[in-house]
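Student: So you can see what is in the structure, the chains are spelled out below.
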Amino acid sequence: MSNSSQPLSRIDYGNKYVLVVDDFDQHLQFMRKALQGIGFANIELAQNPKDAIALCADHSFDIIFCDYNMGEGKNGQQLLQELRHYKQVRHDCIFIMITAETSREVVLGAIESEPEGYIAKPFNEAVLRRKLDRLMDKQTCLMDINTCIEEGDLEKAIVYCHESAERHPRHHSWCLKTAAELHVKLKQYNDAKAVYKGFLKKRVLDWALLGLAKTYIHLEEYEKAIDELQQVLVLNTNCVPAYDLLAVCHEKLNNLKEVQVHLSHAAKLSPNSVARQNSLGDICAINEDFEFASKAYRSALRSAKHSIEESPDGYFKLASAITDSMDGDLSRYDSTKAVEAHKVLAELDDRFEPKEETETRKDLVNVRLYLNQQNPERALSVMSEIESGDRIEIDLLSASALFDMGQTLLALGDEEKAHRILLGLLNRDDVKETRKLHIRTLVANSKAGELGGRASELNEQGAELYENDKLEDSIKIFSEASRLSPKSVVVNLNLTQALLRYMETEKVTKSFKKQSEQCLECIGELQEDSRHFARYKNLSQRFDALSGGPSMEN
Amino acid sequence: MMEKQPLDFSVAFGSAVHDVKNSVGLLLSSLDEFMTANPPQTEEENRRAVVLNYEASRINNDMMHLLSIYRLENQRLFSAIEEGLVNDFIEDELLAHETLLTMKQVEVEVDCDPDLCWYFDSMLLKSVFNNVFVNTIRYTKSKMRIAVELVNGYLRITIEDDGNGFPKELCKEPGEYLTRINFNTGSTGLGLYFSAKVAEMHRNNDRVGYIEVDNDSTMAGGAFRIYLP
Numbered sequence: 001m002s003n004s005s006q007p008l009s010r011i012d013y014g015n016k017y018v019l020v021v022d023d024f025d026q027h028l029q030f031m032r033k034a035l036q037g038i039g040f041a042n043i044e045l046a047q048n049p050k051d052a053i054a055l056c057a058d059h060s061f062d063i064i065f066c067d068y069n070m071g072e073g074k075n076g077q078q079l080l081q082e083l084r085h086y087k088q089v090r091h092d093c094i095f096i097m098i099t100a101e102t103s104r105e106v107v108l109g110a111i112e113s114e115p116e117g118y119i120a121k122p123f124n125e126a127v128l129r130r131k132l133d134r135l136m137d138k139q140t141c142l143m144d145i146n147t148c149i150e151e152g153d154l155e156k157a158i159v160y161c162h163e164s165a166e167r168h169p170r171h172h173s174w175c176l177k178t179a180a181e182l183h184v185k186l187k188q189y190n191d192a193k194a195v196y197k198g199f200l201k202k203r204v205l206d207w208a209l210l211g212l213a214k215t216y217i218h219l220e221e222y223e224k225a226i227d228e229l230q231q232v233l234v235l236n237t238n239c240v241p242a243y244d245l246l247a248v249c250h251e252k253l254n255n256l257k258e259v260q261v262h263l264s265h266a267a268k269l270s271p272n273s274v275a276r277q278n279s280l281g282d283i284c285a286i287n288e289d290f291e292f293a294s295k296a297y298r299s300a301l302r303s304a305k306h307s308i309e310e311s312p313d314g315y316f317k318l319a320s321a322i323t324d325s326m327d328g329d330l331s332r333y334d335s336t337k338a339v340e341a342h343k344v345l346a347e348l349d350d351r352f353e354p355k356e357e358t359e360t361r362k363d364l365v366n367v368r369l370y371l372n373q374q375n376p377e378r379a380l381s382v383m384s385e386i387e388s389g390d391r392i393e394i395d396l397l398s399a400s401a402l403f404d405m406g407q408t409l410l411a412l413g414d415e416e417k418a419h420r421i422l423l424g425l426l427n428r429d430d431v432k433e434t435r436k437l438h439i440r441t442l443v444a445n446s447k448a449g450e451l452g453g454r455a456s457e458l459n460e461q462g463a464e465l466y467e468n469d470k471l472e473d474s475i476k477i478f479s480e481a482s483r484l485s486p487k488s489v490v491v492n493l494n495l496t497q498a499l500l501r502y503m504e505t506e507k508v509t510k511s512f513k514k515q516s517e518q519c520l521e522c523i524g525e526l527q528e529d530s531r532h533f534a535r536y537k538n539l540s541q542r543f544d545a546l547s548g549g550p551s552m553e554n
Numbered sequence: 555m556m557e558k559q560p561l562d563f564s565v566a567f568g569s570a571v572h573d574v575k576n577s578v579g580l581l582l583s584s585l586d587e588f589m590t591a592n593p594p595q596t597e598e599e600n601r602r603a604v605v606l607n608y609e610a611s612r613i614n615n616d617m618m619h620l621l622s623i624y625r626l627e628n629q630r631l632f633s634a635i636e637e638g639l640v641n642d643f644i645e646d647e648l649l650a651h652e653t654l655l656t657m658k659q660v661e662v663e664v665d666c667d668p669d670l671c672w673y674f675d676s677m678l679l680k681s682v683f684n685n686v687f688v689n690t691i692r693y694t695k696s697k698m699r700i701a702v703e704l705v706n707g708y709l710r711i712t713i714e715d716d717g718n719g720f721p722k723e724l725c726k727e728p729g730e731y732l733t734r735i736n737f738n739t740g741s742t743g744l745g746l747y748f749s750a751k752v753a754e755m756h757r758n759n760d761r762v763g764y765i766e767v768d769n770d771s772t773m774a775g776g777a778f779r780i781y782l783p
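Protein chains in written order, with the working numbering: chain X, 1 to 554; chain A, 555 to 783.
Just so you know, these hints were derived from the structure itself, not from any lab. Quick caveat: nothing in here was measured; it's all calculated off a predicted structure. There could be a bad hint or two in this list.
The list that follows gives simulated cross-link-like pairs (lysine to aspartate or glutamate, EDC-like), each with its CA atoms no further than 16 Å apart [claimed, not checked]:
no. : chain 1 : residue 1 : chain 2 : residue 2
1   : X       : K131      : A       : E647
2   : X       : K513      : X       : E528
3   : X       : K187      : X       : D153
4   : A       : K697      : A       : D716
5   : X       : K202      : A       : E637
6   : X       : K432      : X       : D313
7   : X       : K138      : X       : E163
8   : X       : K201      : A       : E637
9   : A       : K680      : A       : D716
10  : X       : K514      : X       : E504
11  : A       : K722      : A       : D770
12  : X       : K50       : X       : E82
13  : A       : K697      : A       : E652
14  : X       : K355      : X       : D313
15  : X       : K343      : X       : D363
16  : X       : K33       : A       : D770
17  : X       : K121      : A       : E587
18  : A       : K722      : A       : E766
19  : X       : K252      : X       : E291
20  : A       : K658      : A       : E598
21  : X       : K138      : A       : D669
22  : X       : K121      : X       : E181
23  : X       : K121      : A       : D573
24  : X       : K121      : A       : E647
25  : X       : K202      : A       : E636
26  : A       : K695      : A       : E661
27  : X       : K476      : X       : E457
Beta-carbon label-pair distances, calculated as ranges [stated by the list, open to error]:
no. : chain 1 : residue 1 : chain 2 : residue 2 : range
28  : A       : S564      : X       : R428      : 52 to 58 Å
29  : X       : K252      : A       : R761      : 55 to 61 Å
30  : A       : E663      : X       : A54       : 48 to 54 Å
31  : X       : T147      : A       : V574      : 46 to 52 Å
Each residue gets a CB set at the ideal place from its N, CA and C atoms; glycine is no exception.
Bound conformation, chain X alone:
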């Protein structure tokens, strides 16, 4: 076989340290033989990520091969992230991900923390050797740039980038891309823009468009960034970072529905990112789409379980979202949800050392659970215990715990106290922007749904009668409340529920039917993002079912 192209220099691998991670023993043995054939003398094999981490603690590897899909537990991507995060590998360690030929999803997901190279199964020794040669060659060519970056001399690194772009035509794009990214780091946004735009004149490629979009985001020109990102999606509908960046832009522009759409898209394409699933859950919770929030937090927890990203917060977020997704109607669905919420909180104890704050946060979720299970007495007694500060002083609670507290107080209807705590968090630096947005939304929503004092009293009275199955009495009281506060969604929903329950269990009467119809009409068209929407829909359906059925009166 002759080959007219110049062969790369033969590199001596005898003094290089290499690690191979793969759960498939046959493949490990294949790799050992192939690497020996290439000239490696120091080869370590690991059959799972745990062994790999242990080996990295003891050895300083030059090259790591890792299979992406290793069955249960961490995947190759998570292992890479963890090794880099804990600096268990040198900055110049070459990480090569082994992927199955057909699984494009893998490569998509990996964009977040990129390995130096990929190699697709099946491959032979010759392909492996050439892959290694090229990566080593690239490392040598670009050593000056990487050394400068490592030493923090970014200005000099940029100069080297431009030099190398000319000297090594095969690394031309990499050099320009790196130069532009360094300009961004140095806040030289116009220089970065110039590099990207210069490249785009030659050919429209996704990385250059993405880079340009990121630069616009730094310049707070979100509309322009969105234009570039839309172009990326025309080139490549599956570009995960484009969806992530679109979400960033829309959050800045306060289009929260759009944020949810884009993050869902990204999460569907690349479901293993804990950070993204958590952001998605947060946005869904702000949009009061609690079913979807639960789903996202559940995925986040599943992925985090085997990584550095596992924290008690993930458990609280999930338990909270599940609780908030309950309808509070004592239905079978609600009890299933309550069981799951309890299970999530119990699992917390298995995985983390108990802390006073943890107990308090668990109780804060429990209060809302009791409320949704129509057990306000228990909810109130647990809450007063928390507020007594016997276990832990309120002032000593972390920002996350205070947020839980604010949410729980809102659920109890103690808006004044809730607002005081929540608004206090807005001035703190340790509270993320998304959470501040959540707080502002919560406060605004609760203000909009405020009831007058007497109406509120009657409403509670009506609910109590309803719970004791005194349906006719509760209908009377709710009707009175609705006269005082005719536009109140809460009261109208309660009244409708009482009327429907009476008609479903006792008998259908024309006047009650008419009254429920009026109540539903009074609420009018609820927006899908209203926190009452699910309940409203449920009641409307029950009303329709009743109207369609035979009337017992006749």
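Go by the hints and put chain A onto chain X.
Tutor: Just chain A now, kept in the frame of chain X:
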């Protein structure tokens, strides 16, 4: 009473294909390993080894095409065009078929600028090349030539051989490849159909990629050309 759910054929089919593909992948690499450790001693052994490798490669390619076309039909096959070094790509493909090339003693000539960068989906293009290479190695007499040029804003990769050329019924208009199933020769045109689809997925402004299949070769055999904008 619950109605029995019929097993979704396309799902069962998809997972079976996937499974077979994984097995064949392992079979191919084991075969490679075995051949390196135990090179054929006689002419007859060599002939058998070629058949083994060739047929396994064919199964691998067919499975790959089936999976890709399944995804294409379900709008789940997308292209991700990236900048890549053309020569590196071709080198990798040759190395992947080294066993077959050595056993069949095919001489390969590559004419490509080592630093030439172009824009393509390497994963999709790889399956196109696997198919073309395996066929070329099967039908060539002794030589194979790969030439890369820039023609009117397109990258043109030509693969030629000194065999008997493509059968006349395959040298047709693009898009018609799949209809040329010939049960006598076993040729289905599936590979060419797939290659044409992959070429089409490469676009730049209003330019669209395409393929050419004919016997207009500098080496008297068949010529396959893919044009990427």
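Student: Look at each hint and say if it fits the structure.
Tutor: Consistency of the hints with the structure:
Between K131/X and E647/A the alpha-carbon distance is near 12 Å, which keeps this suggested pair within the 16 Å criterion. Annotation: proposed proximity of K513/X to E528/X is violated, straight-line Cα distance about 25 Å (limit 16 Å). About 14 Å separates the Cα atoms of K187/X and D153/X, which keeps this hinted pair within 16 Å; it holds. Proposed proximity of K697/A and D716/A is supported: the alpha carbons are some 6 Å apart, at most 16 Å.
Simply put, K202/X and E637/A have alpha-carbon atoms about 12 Å apart, close enough for the 16 Å limit, and the pair holds. With a C-alpha separation of about 14 Å, the suggested pair K432/X and D313/X falls inside the 16 Å cut-off, and the hint holds. Between K138/X and E163/X the CA atoms are separated by roughly 15 Å; this keeps the pair inside 16 Å, and the hint holds. The hinted pair formed by K201/X and E637/A meets the criterion: a straight-line CA distance of about 15 Å does not exceed 16 Å.
For the given pair, K680/A sits about 23 Å from D716/A by alpha-carbon distance, which is inconsistent with the 16 Å threshold. Our distance criterion of 16 Å between C-alpha atoms is met by K514/X and E504/X, whose separation comes to about 15 Å. The straight-line distance between the Cα atoms of K722/A and D770/A is roughly 12 Å, inside the 16 Å bound, and the hint therefore holds. Distance check on the hinted pair: K50/X and E82/X sit about 11 Å apart at the alpha-carbon level, within 16 Å; holds.
Between the alpha carbons of K697/A and E652/A the distance comes to roughly 14 Å, so the proposed pair stays at or under 16 Å and holds. Only pairs whose Cα atoms come within 16 Å are accepted, and K355/X paired with D313/X is accepted, the gap being roughly 13 Å. Under the criterion of a C-alpha separation no larger than 16 Å, the hint pairing K343/X with D363/X is consistent with the structure, at around 14 Å. About 44 Å separates the Cα atoms of K33/X and D770/A, which puts this hinted pair outside 16 Å; it is violated.
Annotation: proposed proximity of K121/X to E587/A holds, straight-line Cα distance about 14 Å (limit 16 Å). Restraint check for K722/A and E766/A: satisfied, since their Cα atoms lie roughly 13 Å apart, inside the 16 Å limit. Taking the CA atoms of K252/X and E291/X, the gap is near 25 Å; set against the 16 Å cutoff, the hint is violated. Restraint check for K658/A and E598/A: satisfied, since their Cα atoms lie roughly 12 Å apart, inside the 16 Å limit.
The suggested pairing of K138/X with D669/A holds, with an alpha-carbon distance near 13 Å, which does not exceed 16 Å. Pair hint K121/X plus E181/X does not hold up; C-alpha atoms about 32 Å apart against a cutoff of 16 Å. Distance restraint check for K121/X and D573/A: the Cα-Cα separation of roughly 14 Å lies within the 16 Å cut-off, and the hinted pair is therefore satisfied. Restraint check for K121/X and E647/A: the C-alpha separation of about 13 Å stays at or below 16 Å, so the hint holds.
Restraint check for K202/X and E636/A: satisfied, since their Cα atoms lie roughly 14 Å apart, inside the 16 Å limit. Of the pairs offered as hints, the one joining K695/A and E661/A holds, with about 10 Å between alpha carbons and a cut-off of 16 Å not exceeded. For a cut-off of 16 Å, the pair hint linking K476/X to E457/X stands: about 14 Å separates their Cα positions. A hinted range of 52 to 58 Å for the beta carbons of S564/A and R428/X is consistent with their spacing of about 54 Å.
At about 36 Å, the beta-carbon gap between K252/X and R761/A misses the expected band of 55 to 61 Å. A hinted range of 48 to 54 Å for the beta carbons of E663/A and A54/X is consistent with their spacing of about 49 Å. With their beta carbons about 48 Å apart, T147/X and V574/A fall inside the hinted range of 46 to 52 Å.
Comparing the model with each numbered hint stated earlier shows that hints 2, 9, 16, 19, 22 and 29 do not hold.
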